[in-house]
Amino acid sequence: ANAPSGVHTAGAGKEVYRFWLTATGDEITVFDLNFITSGSTTGADGSGQISGTGTATLTNTAGSVTYADWATADVTQPLDVGTAGIHVNGFQSTTNDAGLDGAASDGWDTALIVGAGETRVLVLKGDTTGAGGASTSKSLQVRIDGDLTLTTNGATVADNDPPVNGVQWMDVELSGLNGTSCTAAATDLATGAECVVDSATYTKTLPVNGNGLTYN
-13 ANAPSGVHTA
-3 GAGKEVYRFW
7 LTATGDEITV
17 FDLNFITSGS
27 TTGADGSGQI
37 SGTGTATLTN
47 TAGSVTYADW
57 ATADVTQPLD
67 VGTAGIHVNG
77 FQSTTNDAGL
87 DGAASDGWDT
97 ALIVGAGETR
107 VLVLKGDTTG
117 AGGASTSKSL
127 QVRIDGDLTL
137 TTNGATVADN
147 DPPVNGVQWM
157 DVELSGLNGT
167 SCTAAATDLA
177 TGAECVVDSA
187 TYTKTLPVNG
197 NGLTYN
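For the sequence shown, the positions run -13 to 202 when this note's numbering is used.
No lab work stands behind these hints: they were computed from the structure. Using N, Cα and C, we set each Cβ at its ideal position, and we do this for glycine too. Check before you lean on any hint, since a few could be wrong.
Have a look at the derived ranges for each label pair, beta carbon to beta carbon [said to hold, decoys possible]:
| id | residue 1 | residue 2 | range |
| --- | --- | --- | --- |
| 1 | T47 | T191 | 17 to 27 Å |
| 2 | T(-5) | N195 | 34 to 44 Å |
| 3 | W6 | A97 | 12 to 22 Å |
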């Protein structure tokens, strides 16, 4: 009910998407999140193109915890429409992965852990500068969804790379689920663990669509 919708003013640090994650039955660690942006903010009428270069962030609702961030060094414009989207994962960073914390790190600023029975509310903010002032109204919508073209996220872990399927998560108690026992979560997260669970089978209600945003 609190997700943004309707007419918005373009600018830096604007909330574009809010979503909920609930862990049913056991604690999980989110391994990968993939966000796809769609809409008409591509400037087809000669204006309304998102041109802001500010950082995009994934935070809690209070903004006191940053789980991931994207800058123009990571992707040309984090909220570009019609691209492969942006994602944050447990492998080495790619050109559209969260990466202010360095290409050799996980891409997560803070581990996203959801306790058993707990619901986390997360907020995606970004720079929508340029979306306003178009001769025709422009739209923007964000969703969590898969992009199967993003199957290689770093040569050092390529053999274990799963496709990016919207949400991927890990439970260290799921021993042998994908071929290898998951007994050392820190090691597994760092090396592209075989115990990552593919959202295509284990995560419900994907894709998760945000509300439509309009810029005049």
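Hint by hint, here is what the structure shows:
Under the hint 17 to 27 Å, the C-beta atoms of T47 and T191, about 20 Å apart, fit the expected range. A hinted range of 34 to 44 Å for the beta carbons of T(-5) and N195 is inconsistent with their spacing of about 22 Å. Separated by about 18 Å at the C-beta atoms, W6 and A97 satisfy the suggested range of 12 to 22 Å.
Hint compliance for this structure: hint 2 alone is broken.
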